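*Asks:* If you want the building blocks of each chain, they are given just below.
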Amino acid sequence: MNETRANAFEEVKSQIEPFNQKGVPITEETSFQDDLEWDSLTVMDFVAAVEDEFDIVITMNQQAEIETVGQLVDAVQELRA
Amino acid sequence: MTEPGNQPDDPGEQATVTSRNLFDKFEPLMQERNRLLDSGIRDPFAIVMDEVKSPTEAIIDGRNTILLGTYNYMGMTFDPDVIAAGKDALDRFGSGTTGSRVLNGTYCGHMEVEQALKEFYAMDHAMVFSTGYQANLGIISTLAGKGDYVILDADSHASIYDGCFLGNAETVRFRHNNVENLAKRLERLPREAGKLVVLEGVYSMLGDIAPLDEMIPLAKQHGAMVLVDEAHSMGFFGENGRGVAEAQGVIDQVDFIIGTFSKSVGTVGGFCVSNHAKTEFLRLVCRPYTFTASLPPSVVATAATSIRKLMHAGDKRAHLWENSKRLHKGLRDLGFRLATDEAESAILAVLLDDQEQAVRMWQALLEHGLYVNMARPPATPSGVYLLRCSLCAEHSSEQVDEILAMFEAAGRATGAIG
Ligand SMILES: Cc1ncc(COP(=O)(O)O)c(C=O)c1O
Numbered sequence: 001m002n003e004t005r006a007n008a009f010e011e012v013k014s015q016i017e018p019f020n021q022k023g024v025p026i027t028e029e030t031s032f033q034d035d036l037e038w039d040s041l042t043v044m045d046f047v048a049a050v051e052d053e054f055d056i057v058i059t060m061n062q063q064a065e066i067e068t069v070g071q072l073v074d075a076v077q078e079l080r081a
Numbered sequence: 001m002t003e004p005g006n007q008p009d010d011p012g013e014q015a016t017v018t019s020r021n022l023f024d025k026f027e028p029l030m031q032e033r034n035r036l037l038d039s040g041i042r043d044p045f046a047i048v049m050d051e052v053k054s055p056t057e058a059i060i061d062g063r064n065t066i067l068l069g070t071y072n073y074m075g076m077t078f079d080p081d082v083i084a085a086g087k088d089a090l091d092r093f094g095s096g097t098t099g100s101r102v103l104n105g106t107y108c109g110h111m112e113v114e115q116a117l118k119e120f121y122a123m124d125h126a127m128v129f130s131t132g133y134q135a136n137l138g139i140i141s142t143l144a145g146k147g148d149y150v151i152l153d154a155d156s157h158a159s160i161y162d163g164c165f166l167g168n169a170e171t172v173r174f175r176h177n178n179v180e181n182l183a184k185r186l187e188r189l190p191r192e193a194g195k196l197v198v199l200e201g202v203y204s205m206l207g208d209i210a211p212l213d214e215m216i217p218l219a220k221q222h223g224a225m226v227l228v229d230e231a232h233s234m235g236f237f238g239e240n241g242r243g244v245a246e247a248q249g250v251i252d253q254v255d256f257i258i259g260t261f262s263k264s265v266g267t268v269g270g271f272c273v274s275n276h277a278k279t280e281f282l283r284l285v286c287r288p289y290t291f292t293a294s295l296p297p298s299v300v301a302t303a304a305t306s307i308r309k310l311m312h313a314g315d316k317r318a319h320l321w322e323n324s325k326r327l328h329k330g331l332r333d334l335g336f337r338l339a340t341d342e343a344e345s346a347i348l349a350v351l352l353d354d355q356e357q358a359v360r361m362w363q364a365l366l367e368h369g370l371y372v373n374m375a376r377p378p379a380t381p382s383g384v385y386l387l388r389c390s391l392c393a394e395h396s397s398e399q400v401d402e403i404l405a406m407f408e409a410a411g412r413a414t415g416a417i418g
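As given, the protein sequences belong to chains C and U, one line each in that order.
Numbering follows the working numbering, with no gaps: position 59 of the first sequence is 59.
Numbering follows the working numbering, with no gaps: position 76 of the second sequence is 76.
Everything labelled a hint here was simulated from the structure, so no lab data went into it.
Please note that the accuracy of each hint is not assured.
[Unchecked claim] Quick partial rundown of chain C residues pointing at chain U, CB under 7 Å, derived from the structure:
1. Met44
2. Val57
3. Thr59
4. Met60
5. Asn61
Treat the numbers as computed from the prediction; the structure is a model and nothing was measured.
Glycine residues also receive a C-beta, built at the ideal position from the N, C-alpha and C atoms.
The following block holds chain U by itself, in its conformation from the complex:
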């Protein structure tokens, strides 16, 4: 007979050993979080959508809520053609592929979505990953290995940093959007070393755009390859919606564009497009591509349909920009501080004084029926607390008015505006 205490997974037995508890490193953060929750605040990181009525409305805590904190920029999640394509694929190909892209997980739908991407970007090669996170992780770590250099913006997305760590590349940071700072670092690196400069079109915390028209030619002068993450610009920057690099006229100098299906496309998945023929070989050596199951048939079908519709979404694009500009001006006129002087993208960041004000403002907005994202360091740069608003092409002009009224009420109630 075994005593219960002798079971190998019984924590009671481990208590006699004196090794350090692996959870200990989170103690300061846990305490900070508990203090916040003890003050009676609703947990900003535990929102549940009980019902989703449209790209812009959901029911949260039993209340009708306008969504202003999704990345559903083009409002494609409820597009009838997109839904129909997904249902059809579900019926014809089943609920999942149960396999890697390089084994049994490539269906005709995966080829079709890669074809749609090639046409959307007018590029020769497209590689679809299960998420955008994995696309950055995979492409960066596979291209830049030990002894190669990745030069990245300090405000880069976590998936970019993680790609550097996974590949064990030499990683060099430059100050956010600072051309001179990038130039100095490029000059100091060994000439003969392999180099990958990683930039984003739109930086998602402050909603500011990168001076790609200066940075990309600079990187090329120093013999670097250039990867641009256009996650937050697809569909509404540039004449064909290809992103900030297209809008600034430098897309022909970009080696790799990384994107995601989880924002403008309205489903889940990630991709890399490129004109380099050797990109195809990466399928065999890129671990986050190879060692994971491919996207379900319904997901690639919705993505392909959505991408093709985004090629001709001029009206939606125009309305999204109009929404962003109106909300930016309205918030400014109310006395809020915004991260950018003008609306540079579909993301507007409202800057607040400290954590307490940010959380109280966030909660007041939610109680009025508005959902925005709360963001805090270290996700945000320079220790700022902010409320991130992201607009959707499906927000009506009336909804923008409602949003402004809710900001005004919440701002006065919390003292964020006078």
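So that you can see chain C by itself, here it is in the shape it has in the complex:
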């Protein structure tokens, strides 16, 4: 994993923390639905927070494709490019 990728992971991870009420350990493979067990309202708040942090828009279509933290990091990197 290169350095920017590692940084992006850390940045995303810090965005997850306030929503990670169960204290689930965050890895590339952590699933938003299966591990974090977020409901649709939490997802909505989290997405808004990520969008504002990185100054991007993640459409609902893109959100539907994102299941794991790693996939979100990829999407954030791509959208920021």
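Position chain U with the ligand relative to chain C; hints supplied.
*Replies:* Positioned in the frame of chain C, the structure of chain U with the ligand alone reads:
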């Protein structure tokens, strides 16, 4: 001879196959529902009206019940002129059209209701759909296709979301009624992309209104087209009853207004009005318009009569607002929590602590003879359980007093108020 088990539709044969049961995904919801019903609660989603006596009264479970959970805002369902128009059309044109608007399903009555809408909204074009759901589904999916953006409020009605999915548009949500959140998202979208901003005048879960006077000019600055769903405002917002956009002085900047006949108009059907001449072409390419039968002649006749009467319904309008304000204040004084500080529309949402309290309160009200809507997540925002009350211009002041007395009794019995 075929054995019974070999019939193709016999579920017994499928049981040997190991594919996933398609009903399985509903299992958690089914269980939650069964737990609720097992606790002895009456099913809030299985009410039957055995008799309907007026826009405000029906018989439910053999009991005289005041209706405070219909969208019959202007009380047009029993208007004598409306009923007469429907009966006449039934006699003259029959019970149904048996055809699409673009084939054999356009009668003079469909043209007449579109004319009434054009006059009501002072707009050049009107397109009538079989329901409001289909109007949103059709217009949004046809205008915004793959590669276009729809920017919508997170609390939007299901028909708006479904329109985005059907058209395969890029869909971007902003926080409910949050102007800054909308602005940020508009700024981040590609400049050259086609954009449709979708707003509602009144949001039906909390009964709050949108800051259209800020949002619409903002959308226009970013080159977006604007669609406003005025389902819950027609007839009593704005000088001519055209909705929240009229009331806030921005209706001239709206590209498309979506509305329904199933609320203030008092029948069923949906529509889009616009000043864009090219709207007419949509009739040929909008699948939820083209590939379904048109409304029955009696329905369009009742709708046209009702819409024309709503143009001159100043007294009813004033009484509806008075009812809403009185009920809001009365409920507050009793100690209930309401979703809005003031009565912003004809919908008042009473917030409750949890599902159990909401259901017990709902049932107690029904047993006292009052029907309201129970609403729960995901239909409601931020996980709230609420009882939604919608007022009618035909509720008398005495009925509002009765309603308050029933809320007081039910609230004390269930502990919802002290
Ligand atoms: C905001 C909004 N839009 C559209 C609709 C759909 O209207 P209809 O009942 O005509 O399908 C509704 C009604 O549920 C609504 O609340």
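*Asks:* All hints are to be evaluated individually against the structure, with a verdict given for each.
*Replies:* Against the structure, the hints come out as follows:
1. For Met44 (chain C), the interface hint holds, the least distance from its beta-carbon to any beta-carbon of chain U being 6 Å, beneath 7 Å.
2. A hinted interface residue such as Val57 (chain C) counts as satisfied when its beta carbon comes closer than 7 Å to some beta carbon of chain U; here the least separation is about 5 Å, so the hint holds.
3. Given the 7 Å rule on beta carbons, the hint for Thr59 (chain C) holds: about 5 Å separates it from the nearest Cβ of chain U.
4. Given the 7 Å rule on beta carbons, the hint for Met60 (chain C) holds: about 4 Å separates it from the nearest Cβ of chain U.
5. Residue-level restraint check for Asn61 (chain C) holds (minimum Cβ-Cβ distance to chain U is 6 Å; threshold 7 Å).
Checked against the numbered hints listed earlier, the structure breaks none of them; every hint is satisfied.
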